[in-house]
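Novice: Numbers 3 to 189, taken from this note's numbering, label the letters of the sequence shown in order.
In case anyone wonders, no lab produced these hints; they're calculated from the structure.
Even for Gly, the Cβ is constructed at its ideal location relative to N, Cα and C.
Keep in mind that the hints are not guaranteed to be accurate.
Simulated DEER-style distance windows between Cβ atoms [stated by the list, open to error]:
1. Gln85 - Gln40: 45 to 53 Å
2. Gln50 - Thr165: 35 to 43 Å
3. Ala59 - Ala134: 43 to 51 Å
4. Ser41 - Pro112: 44 to 52 Å
5. Pro103 - Ala39: 17 to 25 Å
6. Ala149 - His25: 23 to 31 Å
7. Ser104 - Leu23: 37 to 45 Å
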Amino acid sequence: MPATALPQPAGLGIALRRWRLLHRVKQAHAAQLFGVAQSTISRWENGQQLMSPQEQARLGQLLGARLSAAADQALARLVEGNQRPVHLVCDLSHRLLACSPSRAAEFALPLSDLLGRSLWRFSSEAIMQREASLQALGWREQLAPPALEFDTGHNRSRVVPITAGRCRWTRLLLADGSAARLVETLA
């Protein structure tokens, strides 16, 4: 898989169903939003049909993590004030939401150039492999593991360098039901 392509997680259907339930949207209305039949929504949610790239983009707009609620903004402030190298990304798109000063110091670009942009293109091979394993681990399920630790490998990027080390991902649900991922460097 090329470093710039995001994988299509089989969990997109689960995420769509969770979004519908949280926002009290029926499958028929979701079908109207996507311009598809209600049965297509059902097949997406059951993992029986994959979404087109355009449909994935639309779903990303609906499910993308935003730090709009006061509690979510407080989480961002905790990340931004952390002394350790940590950052917060949208769990679905890998868009950078918040970053600690020590993590920002690792970047070759100003933090303002990276906030709101996906960091996926900077992923190492080990990170891509771990991302691909999330569905099997139930990452987007309600009974998901609270956190995952793994070895990152390195990416050889000068812009957002990743050196071989240990990392922890913690999935956090935001106030609107979208998910963010806290990324911590452990060693």
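Novice: Work down the list of hints and note, for each, if the structure agrees.
Specialist: We went through each hint and held it up to the structure:
1. Gln85 - Gln40: 45 to 53 Å: For Gln85 and Gln40 the Cβ distance comes to about 50 Å; the hint holds.
2. Gln50 - Thr165: 35 to 43 Å: Once the Cβ atoms are compared, 41 Å apart, the range 35 to 43 Å for Thr165 and Gln50 holds.
3. Ala59 - Ala134: 43 to 51 Å: 20 Å, violated
4. Ser41 - Pro112: 44 to 52 Å: 47 Å, holds
5. Pro103 - Ala39: 17 to 25 Å: For Pro103 and Ala39 the Cβ distance comes to about 49 Å; the hint is violated.
6. Ala149 - His25: 23 to 31 Å: 27 Å, holds
7. Ser104 - Leu23: 37 to 45 Å: 38 Å, holds
Consistency note: the structure conflicts with the earlier hints numbered 3, 5.
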